[in-house]
Amino acid sequence: MNTVTFTLNNRRIEVPADKTILEAAQGQGVFIPTLCFANGSERFTSCMLCVVHELGSDRLLPSCSAPVAEGMRIETDNKRVEDARRDALNFLLSEHIGDCEAPCQRACPAQMNIPLMIRQIQAQQMEAAIKTIKQDIALPAILGHICPAPCEKGCKRKFYDAPLSICLLKRFAAEVDLAQASPYQPPVDDKSGKKVAIVGTGPAGLAAAYYLLQKGHACSLFEQNSEPGGQLRYGVPEDKLPRSVLNAEIERILSLGAEFFMEQSLGRDVGLEELCKDYDALVLAVGTLEPEALKSFGLEKTARGIAVDKKTFETSIPGVFAGGNAIFPAKMAVRAVAHGKNVAASVDQFLNGKQVVGVSRRFNSVMGKMQESEAEEFLKEAEDLERIEPSGGLGPGFAAKEAAEEASRCFGCDCRKPETCKLRRFADEYAADQQRFKFREKSKLQKVVQHDLVIYEPGKCIKCSLCVQITKKAGEEFGFTFINRGFEVRVTTPFHEPLQRGLQKAARDCVEACPTAALSWRKRTRT
Amino acid sequence: MKPDLDSLYPTIEGIVQEIGTSASDVIPILHAVQKEYNYLPEEALRRVCELTEVTPASITGISTFYSQFRHTPVGQHIIHLCTGTACHMKGAERVYDAFCRELNIPEDQDTDPGGLFTLQRVACLGCCTIAPVVQIDQVTYGHVQTDGVANIIQDFLQSRGRPVVSSAGRKQHAEDKGEIRIGLGSCCVASGSRKVQQALEECVEEAGINTQIKRVGCVGMCHRTPLLEVHLPDEEPILYDKVQPEDVKKIVLKHYRPRGLKQRLKNSAFGLIENLFLDDSQNGFSRHPLHFRDPNIEAFLGRQVSIATEFFGEIDPLDLSEYRCRGGFAALEMCLKQLSPENIIQEIKTSGLRGRGGAGFPTGQKWNIVRGIADEKKYIICNGDEGDPGAFMDRMILESYPFRVIEGMAIAAYAVGAHEGYFYIRAEYPLAVQRVKAALALCREAGLLGKNVLGGDFSLDLTIMEGAGAFVCGEETALIASIEGRRGNPNFRPPYPAQKGLWGHSTLVNNCETFATVPWILREGTDAFNQLGTAESRGTKVFSLAGKVKRGGLIEVPMGISIREVVEEIGGGIENDREFKAVQIGGPSGGCVPAEMADTKVDYEDLTEVGAMMGSGGLLVMDDSDCMVDIARYFLTFTCSQSCGKCTFCRIGTRHMLDILENLCAGKGSLDDLQKLEEIALSTQQGSLCGLGKTAPNPVLTTLKYFREEYEAHLEGRCPAKRCQALITYSISDRCIGCTVCAQHCPVKTIPATPYKKHEIYQANCIKCGTCRLVCPNDAVDIL
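Going line by line, the protein sequences match chains P and H. Sequence positions in the first sequence follow the numbering used here and run 1 to 527. Sequence positions in the second sequence follow the numbering used here and run 1 to 784.
Hints listed in this document are in silico derivations from the structure and should not be mistaken for laboratory results. Certain hints may be false.
As the list claims (entries may be wrong) - Below, a list of computed lysine-lysine pairs in the DSBU-like style, where the Cα atoms sit at most 35 Å apart:
{"no.": "1", "chain 1": "H", "residue 1": "K768", "chain 2": "P", "residue 2": "K442"}
{"no.": "2", "chain 1": "P", "residue 1": "K19", "chain 2": "H", "residue 2": "K500"}
{"no.": "3", "chain 1": "H", "residue 1": "K694", "chain 2": "P", "residue 2": "K422"}
{"no.": "4", "chain 1": "P", "residue 1": "K444", "chain 2": "H", "residue 2": "K694"}
{"no.": "5", "chain 1": "H", "residue 1": "K768", "chain 2": "P", "residue 2": "K438"}
{"no.": "6", "chain 1": "P", "residue 1": "K447", "chain 2": "P", "residue 2": "K473"}
{"no.": "7", "chain 1": "H", "residue 1": "K337", "chain 2": "H", "residue 2": "K500"}
{"no.": "8", "chain 1": "H", "residue 1": "K668", "chain 2": "H", "residue 2": "K768"}
{"no.": "9", "chain 1": "H", "residue 1": "K500", "chain 2": "P", "residue 2": "K153"}
Claimed, not checked - Now the stretches of chain P that chain H is said to cover, found in silico as 3 or more residues with beta-carbon under 8 Å:
{"no.": "10", "segment": "55–67"}
{"no.": "11", "segment": "84–94"}
{"no.": "12", "segment": "309–317"}
{"no.": "13", "segment": "432–443"}
Even for Gly, the Cβ is constructed at its ideal location relative to N, Cα and C.
When you get a sec, could you build the whole thing from the sequences and use the hints?
In structure tokens:
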């Protein structure tokens, strides 16, 4: 067999002459991203994400199609390659019509997966719903009473009639849970042997404890008052937040093994240095601080509170973290709850000896403001009902039937493949920026709901040709085809046949091969 | 409007029976279906799928890829409005709007309410010297102005049903005295030479004159068409330009006497009057005879060297014996009988010939690669898919010298070992298709093609494949995809067609000008060719010279000539005494070279150096009324619509560039636009898969480089060339004499008629069509 010798990332390698650069690289364990190429597919050479740099000619070559050649000098990851891949991704994203995460989730300070919760409520899977909620929000019943619901301001349905009643739905799920004999208890890791001191038992402190306990770390909470809850108890009137609800959710945290020390004020009853010595990590969730008190801690500070790293919540002393109003006073409990969760993640990284990076946000494609015509598309998957108001008033909240009905209004604008989408994955890896190249006019959302199993969103299609190839190979009577040319290229069924007729044999293969959520299962994989 | 199935089914069956049932027959089948119905009824396409191997997916993909194919019914007549560069520069969009208004075509539609006319923009028709050009069915109109649209429609409707003149001409008789030559290239025809030919034949017949009427191909002087040349024995030939049918009789009677007394008497009645006009100094006779020593013609022809266009204006495109008399097929005969394929390739290598399609790859080397590939079957393809708006070299060569291209192809086929081949010709060039088809038949008859060419062992079959309206098919891998019956998507090279081309076999693809040059090189010797041009770019190059130049046309010049020499000496400088601003060379792949750099040599390397490109040879001259931002926008509109849409960079990058350019022309640019434009351009240039995407940014990059101040002016809401509609207003000055002509012609009635008083334009309703400025007899309409 003929072979050629060439240089791949400064290593000389010898491979069969009929290999492509991509195949040769894969053989060496060198990863090159591809969207339009999958093993076994034709080389279509459309996405151009697989470009590599040939130093001899100083050209970028699509590695999926370019054959190896004697004496080539290939680099697969230098700056020029990364820039080109990022440009390709930015171009693709500039015409990508879809939200990775729904706007409600993005607007939520705790980034709770709201659409998933709504679908679970609609399907009356209440246990799943509370699990979804508590993944990000430690005190959902409490917030269900007092949260100003920034999520509802982001809801797309707001631009059609009225936003989903997200806050009440969450409260409904949380109160259904609390009313059970044994409410939801998250799984807890094995004991780590580490101890964390949390100063303050307001929403930030409680939330931090909730997540740290799940990681197997022992938590001691110090509260200056006689009862836990901080501002929730001492700042919110009882008619706004029934104490039974407050106590019930604190009880959930206690039952995870939290240790509370009441009437312990930092600087008066217990010192910072002492805590640092006795504990492996320290979380300051002390609420709004007086300038005097702030000074006494000896931590670096800002005009508003304790200075922390924005991503990791680390203060100027290693092992000491801070969150909630202690770093920046704001009257929004959900923000403090979110801080608690994020602080917990950083503390856990710290305790495990890992690099403290905090909670990293994934890439998010954003559709932007909803256009009028788009409601019609969303309504293909949502009930055209008016927003439901609880018949018993705000106090009792939703009845079960009302909750399910309200949930059915959800547009479901979150992506069906947020985890498996390759476009999102590479956008993350190459730090793509969807705002980099913007069109004057946005293309419109379109949902093709014409198949029992599959939903097709042309606006998410990157024209990779995989489904066109698959349906052809499968001998579909109609299958998929490209139509038009240039920027107007679309993938569709021939002769405007409904999708059901286009995809009679190859639905599974197409959905699985589609690198984005252009083709996805109609039934959400997680409900 | 829908055809009924009872008649449709047999029709489709007939078409399929005639063309074939294999998957690769799809494009010819679609052409045939459309010819039948003027569009592609879905039922017809479904039926095709039932009868052939063509699948629904493939027929849908292909019929929506090529812009010639239509999916909705059209009016009785189709108006093709050329949007080539020269037409654009001379106001094609305004003409489009004028047609819409005249025919009351509703917005977002293309057909008038009565269903009589469908208005369509088409890529360049290749009649750039008589821009703007409009083609209604088979009738072409040149120099169309917004206020002339009504006349054109009227003329078309009136002339319907008139007999079309046979183009074969009269048989020659022994007693014929001299000959009258008439140019019948597409430009000539568009300017009315068919009518002139008809008048000529009638006149000769009626007067009983003994002369030969001879159809010749493109004369090159397209700016003066229709052209008529009188050749009398022992006399200097005389050329008449811009001849109209009514002039014919005067011209003929000036040179010939009608036969017999009776005829003379018969003629004397009108002859008396006609004779009055025979004095050339009279105003009434506007067609001046031109002697070839005329300084204008001398300057136009002086620098030219004819190789690919040898005997231009002299030979009948389809007269095989004449072509052979003048040395045609001698080179082929020599090759077949005296030279080995290796010898031929060596000759071509020595000559230094490089591909004339644009990229300039050494021809001999390409042949050698194909020759060296072991493949039991090889193909040869003539690339005549000239798609550059503003270029018409290929059209002219195929129309005027089909035998020369066939000869060059045959030599190449023999040299590389190919026995089958294709002419890939744009569907927009019907005359070229017709002539090549006829030439192929004549060659087959004469034993110059087919089995045992010229009695030897070599065999060659050539067929025509008509394109269907896709610029990208000029790219060789896309061209091959198109012949194979697929969407014209280019593929990554390697493998090159030479290695793996048509149907997976080794294939030689050359441009038709390249082939047309080959016979001359072999006949006249490589030294003769070598002496022309520069060290790296040997020989000559054919250019279509158009735009704001006095003498546009088809020219063949030695490589290395300067842009200035082309524009000023051959082209006679800028028309209307305006200022020379730039030349655009190489069409959408090329760039704009500013007047200050007019000493740049026209060869492959020097043009690339300045950011332009030889391309296929379009050379458009611009004056100070041409806006460079608008030109960049124009080219990006073109590339964006012609991109195959496969690779990310070209598909989306060109669209982003166009978006920004449209914003700039509309006065809506933002400060970071220029930087962003440049970044996208560079990114598209390096990331695109094929030549189209890689070169699409050139018009942007060169204008940004040489005319940045114009871009900056647009950011401030000014268009210095006063071209971008959103940034200008029309205004009537004190020169107004109150004649009301503008008020009468204003299509939106926004100029009240105020006789003998200065007129005024009410800006709110003004659509900036420029008609007032065009019709004003006193030049009183200004653009501010």
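Using C-beta distances, would you say chain H covers the segment 309–317 of chain P, given that this needs three or more residues below 8 Å? violated (count 0)
Satisfaction of hint between P:K442 and H:K768, Cα-Cα up to 35 Å: Distance ~29 Å between H:K768 and P:K442 Cα, so the pair holds.
Does P:K444 pair with H:K694 here, judged by a C-alpha cut-off of 35 Å? Holds, at roughly 29 Å.
Given the hinted pair H:K694 and P:K422, is their Cα-Cα distance within 35 Å? 26 Å, holds
Between H:K500 and P:K153, is the straight-line Cα distance small enough, at 35 Å or below? 59 Å, violated
When you check the alpha-carbon spacing of H:K668 and H:K768, does it fall within 35 Å? OK: H:K668 and H:K768 at ~18 Å, within 35 Å.
Straight-line Cα separation of P:K19 and H:K500 no greater than 35 Å? 16 Å, holds
So is the segment 55–67 of chain P in contact with chain H by the C-beta rule, three or more residues under 8 Å, or is the coverage claim wrong? holds (count 6)
P:K447 and P:K473 were given as a pair; does the straight-line alpha-carbon distance stay at or below 35 Å? 25 Å, holds
Within 8 Å of chain H's CB atoms, at least three CB atoms from the segment 84–94 of chain P: coverage verdict: Result for this restraint: holds, n = 6.
Is H:K768 within 35 Å of P:K438, Cα to Cα? At roughly 30 Å apart (the allowed maximum being 35 Å), P:K438 and H:K768 satisfy the hint.
Are there three or more residues in the segment 432–443 of chain P whose C-beta lies closer than 8 Å to some C-beta of chain H? holds (count 3)
Of the numbered hints given earlier, the model fails hints 9, 12; all others are met.
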